[in-house]
Structures are given as C-alpha cells and as structure tokens.
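Chemist: Respectively, the protein sequence lines represent chains A and B. One rule links them: number in the numbering used here = place in the first sequence (from 1) + 1239. One rule links them: number in the numbering used here = place in the second sequence (from 1) + 1239.
Possibly wrong hints are sitting among the right ones.
Identical chains share a label here; the pair holds if one copy fits it or two copies do between them.
[Said to hold, decoys possible] Okay, derived cross-link-like pairs now, DSS-like style, lysine-lysine, Cα gap no bigger than 25 Å in a straight line:
id, residue 1, residue 2
1, K1637, K1577
2, K1372, K1637
3, K1516, K1622
4, K1622, K1598
5, K1562, K1259
6, K1637, K1262
7, K1262, K1321
8, K1372, K1294
9, K1262, K1327
10, K1295, K1250
11, K1519, K1598
In case anyone wonders, no lab produced these hints; they're calculated from the structure. Here the structure is a predicted model, which is why all the values come from computation and not from measurement.
There are 2 protein chains.
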Amino acid sequence: MALDLITRNSKTLSPEDAEKQVKVKGWAQEIRNLGGISFLILRDRYGTVQVTAPKKKVAPEIMDVLTSLSRESVVEVCGTAKASNQAKGGAEVIPESITVLSSAASPLPLGVVDKVNAEMDTRYDHRFMDLRKPEARAVFEIKSKVLRLIDEYLLGEDFVEVFSPKIVASGAEGGATLFKLDYFGKPAYLAQSPQLYKQMIMSTGLDRVFEIGPAFRAEPSDTVRHVSEFISFDGEMAYIDSMNDVLQMLEGCIQHVIKGVAETSSAQLEILGTEVKVPKAPYPIIEYKDAVEIVTKEGMEISLGDDLGTEGEKILGSVMEEKGYEMYWIVEYPEEAKPFYIMEKEGTPYSYSFDLDYKGQEISSGGQREHRYNVLVDRISKKGLNPDDFNFYLDAFKYGMPPHGGWGIGVERLVQKMLSLPNVREAILFPRDRVRLVP
Amino acid sequence: MALDLITRNSKTLSPEDAEKQVKVKGWAQEIRNLGGISFLILRDRYGTVQVTAPKKKVAPEIMDVLTSLSRESVVEVCGTAKASNQAKGGAEVIPESITVLSSAASPLPLGVVDKVNAEMDTRYDHRFMDLRKPEARAVFEIKSKVLRLIDEYLLGEDFVEVFSPKIVASGAEGGATLFKLDYFGKPAYLAQSPQLYKQMIMSTGLDRVFEIGPAFRAEPSDTVRHVSEFISFDGEMAYIDSMNDVLQMLEGCIQHVIKGVAETSSAQLEILGTEVKVPKAPYPIIEYKDAVEIVTKEGMEISLGDDLGTEGEKILGSVMEEKGYEMYWIVEYPEEAKPFYIMEKEGTPYSYSFDLDYKGQEISSGGQREHRYNVLVDRISKKGLNPDDFNFYLDAFKYGMPPHGGWGIGVERLVQKMLSLPNVREAILFPRDRVRLVP
Chain A
1240 MALDLITRNS KTLSPEDAEK QVKVKGWAQE IRNLGGISFL ILRDRYGTVQ VTAPKKKVAP
1300 EIMDVLTSLS RESVVEVCGT AKASNQAKGG AEVIPESITV LSSAASPLPL GVVDKVNAEM
1360 DTRYDHRFMD LRKPEARAVF EIKSKVLRLI DEYLLGEDFV EVFSPKIVAS GAEGGATLFK
1420 LDYFGKPAYL AQSPQLYKQM IMSTGLDRVF EIGPAFRAEP SDTVRHVSEF ISFDGEMAYI
1480 DSMNDVLQML EGCIQHVIKG VAETSSAQLE ILGTEVKVPK APYPIIEYKD AVEIVTKEGM
1540 EISLGDDLGT EGEKILGSVM EEKGYEMYWI VEYPEEAKPF YIMEKEGTPY SYSFDLDYKG
1600 QEISSGGQRE HRYNVLVDRI SKKGLNPDDF NFYLDAFKYG MPPHGGWGIG VERLVQKMLS
1660 LPNVREAILF PRDRVRLVP
Chain B
1240 MALDLITRNS KTLSPEDAEK QVKVKGWAQE IRNLGGISFL ILRDRYGTVQ VTAPKKKVAP
1300 EIMDVLTSLS RESVVEVCGT AKASNQAKGG AEVIPESITV LSSAASPLPL GVVDKVNAEM
1360 DTRYDHRFMD LRKPEARAVF EIKSKVLRLI DEYLLGEDFV EVFSPKIVAS GAEGGATLFK
1420 LDYFGKPAYL AQSPQLYKQM IMSTGLDRVF EIGPAFRAEP SDTVRHVSEF ISFDGEMAYI
1480 DSMNDVLQML EGCIQHVIKG VAETSSAQLE ILGTEVKVPK APYPIIEYKD AVEIVTKEGM
1540 EISLGDDLGT EGEKILGSVM EEKGYEMYWI VEYPEEAKPF YIMEKEGTPY SYSFDLDYKG
1600 QEISSGGQRE HRYNVLVDRI SKKGLNPDDF NFYLDAFKYG MPPHGGWGIG VERLVQKMLS
1660 LPNVREAILF PRDRVRLVP
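Using the sequences provided together with the hints, build the complete structure.
Modeler: Here it is in structure tokens:
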C-alpha cells in the first residue's frame, strides 16, 4: 500500500481522490464512537478531514485505537478516500491504519472547539493551544501576507530592505521606556525604533530603505494597544522635495497592503467573520489645529498644543467615519510635541510631521527630518538632551546629508485595526508586556 | 524652467534627454576647476553624473559655487542635458543653477574614492562614510535581494512568516552567550535564536513557518565570523517524514537564492568584482564520521566525537572543492555535541542533525527535533539543564506535537560566503561585537 500512497490534507482531499490510497495527518479534534461506526475529525492548518470507521469494514485494532484516543493527539491515518456528501470537502477517509504520533495528555489546559471564551490570561498562558483555534491562527496568515505585500510594494519602488542594530548606546524616543542591558560590562539599551540608524543610512547613498523588525519599549501602560515588544515597519527616503513625498509613498504602500489582504485572504477573513474595506484614497489631510477644532466642537476639552490622546483620536475617528474615511493624515503637529529629529516649520510653532490614523487610532507617525547639522544640534539641546550623547548619529550630518523623511508604523496595530481585533496582542504570537515574559 | 524640469539620476540620465531641462542630485564626489571649464562629478546610489560648466556658457555665480564647493557636499543641479561621449552614460548636464543642500565639513574622516585602504576600525567608526563606497554599499543591495528571494521561495511552499519574542526567560543555546537584561524588575535575556518558539509554533497548526530577525550572542570570540548581533533565518516544518524533508526544502531555498542573485544582481557583482557560482546540486551528504575520516587523511588530528572546528571545516572545504562542490551537508553528528532539542538516532551515539557548509564554513545547522515529551525531558536533564526552566516550552509537547524539523542560517554568513567577503561584518551595516557598540 505504501507505494501508491498519496499525502492529502483538508485543503487537498477531494471527491476526485475516491478509491485512492491516501495518508492524512492532524490533531484529533473530535472522536465519536457510535457503536456500529466511529468518526474521527482530524484538524490541520487548513480545516478538518473526516475519518469514518464503520465497525464492519475496518480492523478491530483501528476501533481500539479510536476508542482510546485522546482529543488533540496527533495521528497519521492511512486509508481509502471516499466521496461523501456529509463530509467537508466532499470526501472522507476509511482508515486502514491509524498511528498515534503524539498522544495528548488530559485534561486539556484549554479547549480548542469550546464555545466558552477563556480568560485572556489563560489563553496566553497556553498560547500554543489557543492558536489551534482557526480564528486565532488566521490572524497570522494575514500578518504574513501583510509583510509580503509591503515587500512587494517597496521593492517595486526601489527600496532596499535593511537591518539596524537592536543593541544601542542611546535611545531615540526618550529615556523613560528604555530597556537597559549589560553589554560586555558597558551599559547599553534595546532600540526603541530604528530612527537614528535609518537616518544615518540616508547619508550613505542607500537612498530608500525600509526595515521590518522588533522595537522595544519598557511601556508601563496596561492598555489594549501597548506592548513592550512589537514589530516596527520603518521607511526612510532621501532627496525628498517635501514631506508630501513621504505621505504619497506610505499611502501607496498601505493601500496596496489592504487591497491585497481584501483580495487574497478570503479564507482567513471568513474564519474571522470579518471583511476588510479598502480605505477611500487619497487620504484626507487634516492639520493638527483643525483636528483640535473638530474635537472641541464635539465637546472635548482640549487646548492648542495638547496631544489629541486616545479620546481625541476616537472622536476624530467617528467624525471622519461619518464622512466615509477610515484612514486620514494629521499633519503639522506642534514641534514641541515631536522628537528632536523632526523638522520645524520655520516661523510657526508647528513641524513637518504627520500621524496616520486608522479608524480612530494612530498607527503610524513620521515626517520630514531635520537634516541641517547646526539646527539638529540645537533641537537636541532644546529637548533637554546632550548632543554629545548623539555624536555617532550627528557625525552622519556633518559631511553631506540629503533632505529626507520617513515613517514608522506598528505592524500589529495595522493588523489589529484592519481586522478590528479587540487587542493588539491578538496580532502577536507570544506577546510581551509589563506582566508577561512567558511563554 | 521649473515647470518642465524632469528629475534624473545616474541610472536614468541618457543621451535621449539631450536638450531637456533636468534636475540631478547627489554627493559632490569630485570637483575639477580647470580655468576655462569646471567639472563636477555627482554621485548617487547608482553611479555618477557629470556636470560640465564651461566658463563662457554658465553664469559666474555657478562658477563661484563650484570653486568653493567642498567634496561630499550634497547638491542639486538644474540644467540642460547634453549628449557626451566623454561622460558616463553618454550624457552630461550643463548647469543653470546649483543649490548646496548640505555642505560637507573638511577634512573628511575617511576618503570615498581614495585608493588607500583605511583600517577596519576607522571604516566602522565612520560607517556612514564608508558605505558611500559603491563596493561597501553593493553588499546591502544584494542582502536585500537575498531576503526577497527567501520570501519568494518559502511563501511558494506555503510557509508563514512569523516573529517570535526577542526578550525571553530562558536561553535555547546554553548560558554562556546570553545577554541579560532587567525586565520590569525581573531577569530576562535576549533570544539567542527563535528555536524554542518556532518549535512551540509547530504545536499550533501553523505547520510551516520561517522567521528572519535578529539573534543575540554575547560572543567573546574576536573572529571574522562572530558578531554579537546577527540576522538569523530560521525555518521549521511540522509533519515531516524524516530529516530529509528539511534538507530538501533548505536546499531548494538556497539554490533559489544563489541563482536569483547570480541572475539579477549583475550591476552589484560587477562593482564588487566578483561572480556568484550556483553550487552543484543535489548537495552531497557526508556523514560526520566520514568527514572525520576525510580530514584525518588530510593530516588533521581529530578524534571521533570532536567538533570539526574552523580548521576541519576548511580542510573539508578544500577536499569538496576539488570534487566540484561548494555546498554540502554534514549529517549525523554525535548527539553529545548537539543541543537538547535534537533527536537522537536510537541505538547509536549519533543524532538526526545536520550542518550545511559553504566553501569550508558552516552557514547553517538544523535537524529533526525531539517531539516526544518524555524523551525531550530526559534530554534536557542529560544536558545538565533543569526541565522546570523550560516548562513554558515543554507544555507545547504534552498535548499533541507533530514530528518536526528545521534549520537556522546566518544571513550574513551566507552573504559573506556567497560574495567571498573577508569578514562577516562587511555584510552588516552597523556591526556589534565585544568591543563595538557604536555607531
């Protein structure tokens, strides 16, 4: 039999396989022994396969295995495929042998098919089990697709994918959220973002780069949108004429990503019971001061110069939704609210900066960078930092630095908002936060 | 003039632009003022553009700018394109305006076109400047291509790209090279590899995954192949029939990558003055004990059980090169030499493990993993480790874990060997090692 055995899974087994000898593998999701007949529902990455064992047709050893098999054990079934109207995919397998590859202990720490919703902590304590649920897993097939679509778009725009160091001597985003480590006896930190390094690269001739990699923030907030390790998608472009070049590039990329998911991930979206809408483009551009006016009109108490905050973002999100926009830019934030590397808008209290908001939540920020050495040094001092701590960075501005700009975007926040997930952790396999370091 | 100005660079400017109004930008690589005529060689990512200023034809202000311009300043030139046999690309620009976007200080910390080889430390101290050399930069265009080719191949094989946490509670590869950090008051470590996590994922149903991300080793060795932060390309596959499934997948992927670079990176390879040879496939499979015999025959002193070491790898590399093989597997290492997660070959002192060697250097290792809970616990103890420290990992083996295997490969080592670079650091933008934390 082994010779003409073909391997099938829940996606590939079909009525066309009828009478063929097949091999299927998976987790024993359900075992029903009804006396005269037994059913085994095998789950794999794509769905389930039904193994049907009529007592009269299969060997007694097989019935014994099925009777003693524990749920979630991993098994390999060899047998004959049969067309079946009752089975998913229109075909089932009549077993000739069942091998238990890995026997599951009982009781399970978490149900896979249970309708009961487990507490979030329980789910994440047993994340390997939680991810056996198709709806938990589908998010990661989509996340992988998002990465592929980003690559596709930016490589088409002549970007180079780069990696910057994650162990660094200085933070880019302020000291409060730095993780400190011992680096061969010297103090060092985990990179909060690739900001300083992607800017230094702009001085090398690699004039368009992007990076997809971990960023670390010792984030004390316990919210549904903060974690201490996330995947940051950063881009930086040299020789821009204005910040508008950056907005256009990022908008093109995001549209390509969301369109790509909407068009090619229908199986996963169906499992998630959600649809992905391609945002109306071009994304409207709202000046910060107008955004403040809009949320003030809606009854929020806020002054010019204040951060919009979670509440302001939500209110603005509702207003924009009513106008049919899920994605929109907020530009010209006060320079005071922005990091040292952002370029000021001369003669105003504002800056060449932007946020990109998606359904009432910021998912990206960026802007044109200050590329003039002297002005940059002044801005570092103005922010209460010591320019000497940034010499390794400032050097790259002394010997010819083109005008440049870019963005940082949280991949998981993008996925969260796209799929309307309740928590950014749903888009992270093994999340890290103030209280969670394992698994 | 601004209205019909077209932007060109060294790749796109051509004789077909003759008489058009163009704008070019770049670093002032060379300025020659010959009295009656001045030449400015502008460098960008792709090469150089010649700006030719005959005193009689251009405004005096332009001659002034050219006379005072410092090398490596960033400038924007607007002018008329002209066909020219003397200029690279067959065209030059007669300037109508020259704007200095960023003036370079003098002296330069490092020459860009100098023939003199700077010390490695000087180069890496001023890496932004070092990377202005086309041959330093070309490596990263190829590295980016490598990543794209990996994605292309594995996504075609239904792999899902994942990210595992880099802040972890336990190391996978032994305590000696762990970086320790303070995680909200708890001790934590930087991940040496995604090993434990990609294995846990095998228990979820995401049956084929890969990850490309940083790995951290507090590596005390000062060698041309060790750094403390590198990009690890890891793959893991569930439901394998044997280790051979892994070898085939990785071989297919590596061949796709090297072929892709050879076929589509000719511009970069020319700059590097190197050729990339596609290794002869299938890669020969050498058992560890035969490898020991081969190097013994070549005069090396080594006993069964010993690591081949750098010397042994090199000797084996020469022997294989003579046979026409640049890439080959070494399989069935003694289980003693391999980590706990590798499967033993029952009844022998060997294991289901492999190394992939490229031109006399290991670039990847992997194998079939031990998926049986009890055997795995025993192996952890046998290695002198405490199974309790690995509960978060072991849990994933208790409730149905399919047989699985995979690999880890150092992206920079692969690039280094492919391009015959003298040091792995040449394939890292900002390397980290025992003595280097900046830039």
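Chemist: What are the numbers of the hints the structure violates, in ascending order?
Modeler: As far as the earlier hints go, 3, 4, 5, 8, 10 are violated by this structure, in ascending order.
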